[in-house]
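One line per chain: the protein sequences are Y and L, in this order. Residue numbers for the first sequence follow the numbering used here, beginning at 1 and rising by one. Residue numbers for the second sequence follow the numbering used here, beginning at 1 and rising by one.
I should point out that these hints are in silico values taken from the structure, not numbers from a laboratory. Just so you know, even glycine gets a beta-carbon here, dropped at the ideal spot from N, CA and C. Among these hints, one or two may not hold up.
Using C-beta positions, here's what the derived DEER-type ranges look like [stated by the list, open to error]:
no.: 1; chain 1: Y; residue 1: D25; chain 2: L; residue 2: M114; range: 50 to 58 Å
no.: 2; chain 1: Y; residue 1: D25; chain 2: L; residue 2: T117; range: 54 to 62 Å
no.: 3; chain 1: Y; residue 1: D25; chain 2: L; residue 2: G88; range: 29 to 37 Å
no.: 4; chain 1: L; residue 1: R280; chain 2: Y; residue 2: V123; range: 26 to 34 Å
no.: 5; chain 1: L; residue 1: W164; chain 2: Y; residue 2: G98; range: 37 to 45 Å
no.: 6; chain 1: Y; residue 1: D25; chain 2: L; residue 2: P279; range: 53 to 61 Å
no.: 7; chain 1: Y; residue 1: W122; chain 2: L; residue 2: G88; range: 21 to 29 Å
no.: 8; chain 1: L; residue 1: P279; chain 2: Y; residue 2: D218; range: 43 to 51 Å
This is what each chain is made of:
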Amino acid sequence: MTQPATHPAPAAPHTGAGLAVAVHDLTVAYRDKPVLWDVDLEVPPGLLLAVVGPNGAGKSTLLKAILGLVPAAAGQVLIHGEPLARARDRIGYVPQRGSVDWDFPTSALDVVTMGTYRRLGWVRRPGRREREAALSALERVGMAALADRQISQLSGGQQQRVFLARALVQDTDVTFMDEPFQGVDAVTERAIVDLLKDLRARGRTVVVVHHDLQTVPDYFDWVMLLNVRRIASGPVAEVFTEENLRLAYGGRVGFLERKADPTPAPGGRDDPATSHFGRIRP
Amino acid sequence: MSWNDVAAFWSDYTLRTVAAGAAVIGATAGVLGVFAQLRRQSLFGDAVSHAALPGIALVFLLTGSKEPAALVAGAAVTGWLGALCVTGIVRSSRVPADSALGLVLSVFFGVGLMLLTWIQRRPDASQAGLDRFLFGQAATLLTADVATMAVLGGGAVLVLILLWKEFKLLSFDPAFAALLGLPVRRLDILLTGLLVAAVVAGLQAVGVVLMSAMLVAPAAAARQWTDRLAPMAALAALFGAAAGVGGAVASSLTARTPTGPAIVLAATAIVMASLLLAPRRGLLAGVWRRWRRRRDLRLHAVLLDLHALAGQHGDPTAAPHAAAVLRAMAAGGSVRRSLRELADRGWAADAGDDLWTITADGRGEAARFLAAHAADGRPEAAP
Numbered sequence: 001m002t003q004p005a006t007h008p009a010p011a012a013p014h015t016g017a018g019l020a021v022a023v024h025d026l027t028v029a030y031r032d033k034p035v036l037w038d039v040d041l042e043v044p045p046g047l048l049l050a051v052v053g054p055n056g057a058g059k060s061t062l063l064k065a066i067l068g069l070v071p072a073a074a075g076q077v078l079i080h081g082e083p084l085a086r087a088r089d090r091i092g093y094v095p096q097r098g099s100v101d102w103d104f105p106t107s108a109l110d111v112v113t114m115g116t117y118r119r120l121g122w123v124r125r126p127g128r129r130e131r132e133a134a135l136s137a138l139e140r141v142g143m144a145a146l147a148d149r150q151i152s153q154l155s156g157g158q159q160q161r162v163f164l165a166r167a168l169v170q171d172t173d174v175t176f177m178d179e180p181f182q183g184v185d186a187v188t189e190r191a192i193v194d195l196l197k198d199l200r201a202r203g204r205t206v207v208v209v210h211h212d213l214q215t216v217p218d219y220f221d222w223v224m225l226l227n228v229r230r231i232a233s234g235p236v237a238e239v240f241t242e243e244n245l246r247l248a249y250g251g252r253v254g255f256l257e258r259k260a261d262p263t264p265a266p267g268g269r270d271d272p273a274t275s276h277f278g279r280i281r282p
Numbered sequence: 001m002s003w004n005d006v007a008a009f010w011s012d013y014t015l016r017t018v019a020a021g022a023a024v025i026g027a028t029a030g031v032l033g034v035f036a037q038l039r040r041q042s043l044f045g046d047a048v049s050h051a052a053l054p055g056i057a058l059v060f061l062l063t064g065s066k067e068p069a070a071l072v073a074g075a076a077v078t079g080w081l082g083a084l085c086v087t088g089i090v091r092s093s094r095v096p097a098d099s100a101l102g103l104v105l106s107v108f109f110g111v112g113l114m115l116l117t118w119i120q121r122r123p124d125a126s127q128a129g130l131d132r133f134l135f136g137q138a139a140t141l142l143t144a145d146v147a148t149m150a151v152l153g154g155g156a157v158l159v160l161i162l163l164w165k166e167f168k169l170l171s172f173d174p175a176f177a178a179l180l181g182l183p184v185r186r187l188d189i190l191l192t193g194l195l196v197a198a199v200v201a202g203l204q205a206v207g208v209v210l211m212s213a214m215l216v217a218p219a220a221a222a223r224q225w226t227d228r229l230a231p232m233a234a235l236a237a238l239f240g241a242a243a244g245v246g247g248a249v250a251s252s253l254t255a256r257t258p259t260g261p262a263i264v265l266a267a268t269a270i271v272m273a274s275l276l277l278a279p280r281r282g283l284l285a286g287v288w289r290r291w292r293r294r295r296d297l298r299l300h301a302v303l304l305d306l307h308a309l310a311g312q313h314g315d316p317t318a319a320p321h322a323a324a325v326l327r328a329m330a331a332g333g334s335v336r337r338s339l340r341e342l343a344d345r346g347w348a349a350d351a352g353d354d355l356w357t358i359t360a361d362g363r364g365e366a367a368r369f370l371a372a373h374a375a376d377g378r379p380e381a382a383p
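Go ahead and model the full structure; you've got the sequences and the hints to work with.
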């Protein structure tokens, strides 16, 4: 097990004032096994945060617990200073691609339209306004031409972009993304990066579960290192250090030696075959 | 069948009642079955329908009534209880869902059969007819029964239509539904309740043993024909109604034939036809697509060989090449047949004496083919 690192006290403890996301003492257990232990996280608004850590570190669980999708044994979550129940209009979500059945009889446009359902309320059907919003979101991720495709007829990267467009339609202050870069092609990766920058430029906050350590400094402002406990979180320049990575990933630090090597990995950044597969896996 | 027969059929009160009842059952079960299938709960309906049997027997034992509404109410209560047991077992133990379904189905059905046997051994004859709930007997349907079904089934479908987008989201992406603040657990219970209503509405006509076929078959058939949810539900309703009417009428016309098996056979015919004939997902369409792709590859292999040979010479189309050379280049297949088919398409020309040339059209096609397949090597092209 990793040692808990000392971390600076939160700027505004327990009130979440001025923070986009404030997590305090969050603990989640599946049966008797703790998956997250006493996790704190403070995310100021308007930045891009990567959550990284080894497999089984609880990254996805952290997202789901913040969003109330898995029950927390203890802890408190505030979104822009408010508990989840009052902040539902302010949170967007891009789940892992594998979490739904893509053979479901529905089109890309229809899935994106689901992002408008909360605004619509009960019973009311999406109308022209909703469909137009969905179409323009699809356009922003370069998918307008495929709006009427059945979703199983899309490639993995295109499916990921459908989920991104759905979060765009939600148009929320904070967006949580669960491994959006997982197994996507170069076109989609660039679309996601552009989107992240666009959201940040408009003052939005994005929390991304990420597993390609190589790209953390390029894509993100802040980083959180997680391994059941929080190892560290803060600006990439301060927190994304070899020591913290060693604490998070234990002995499996083959990545670090390669990171020190100035020559890029074979295939380069844009090669989909090599860009995302963890170089730190045992 | 002459017009007189058709007229006689529609003037026959019993047949009209039976057909109407079966149509209502089939349509309701078809629509609800779509959601059951999409949520991977098709067999859930089987557990519910089997669990309904003890309810029917208990109502009769306690009240001595054979009033359809009372029996259906009893069926709904134990059917619902069975559904709760399945979800309860899955949620609170490590027993997997399919085992929980099997467990609940057999235990409830066993209890139901025991009660039914016990009822039948009693001296008085008042129990006659309860066993029709096993395999269904549409011929015994009265207008009042059909009215009960219509209210139950129509109500269930109405709720489904009202909460269409909520149920769609619940079925596709329950986590996202929860994120939006929808009461996922309660919607889940409601949808299960609608399923129970659809199942118990059909018990008298179809029977507890085969009722789940009315949920599974129309939905499976409908999925073959469309990639959208609303058309799929409409088609499933149509298929369900057609199977219901076909089976019920067939069994009413022949004495003492249980309706359940007849309806299931009709539904099976629809499923088989859909599996075979559907334009995109059908088996025949798949065979046709594979055959065409193989022929295309075979032709293009020879065409590209011709193209390559022509490229080695000065004038592309003038010099003819021996089929033997092409056969030596080819990986397999009948080269001469391919050459004849290429000639039919105007891509190659027969120069006589087993010599062949590529045409200008053929060179165009070869270039197009090469360009198209060079693009395949790249990672996903932008749309």
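Consistency of the hints with the structure:
1. Here the CB-CB span from D25(Y) to M114(L) is close to 54 Å, well matched to the stated 50 to 58 Å.
2. The hinted range of 54 to 62 Å is satisfied by D25(Y) and T117(L), whose Cβ atoms lie roughly 60 Å apart.
3. One distance hint, 29 to 37 Å for the beta-carbon pair D25(Y) and G88(L), holds here, with the actual separation near 32 Å.
4. A C-beta distance of roughly 33 Å is found between R280(L) and V123(Y), which places it inside the suggested range of 26 to 34 Å.
5. In this structure the hint that W164(L) and G98(Y) lie 37 to 45 Å apart at CB is violated, the actual value being about 26 Å.
6. A C-beta distance of roughly 57 Å is found between D25(Y) and P279(L), which places it inside the suggested range of 53 to 61 Å.
7. The given range of 21 to 29 Å is respected by W122(Y) and G88(L), whose C-beta atoms sit roughly 28 Å from each other.
8. For the pair P279(L) and D218(Y), the beta carbons lie near 47 Å from each other, so the given range of 43 to 51 Å is met.
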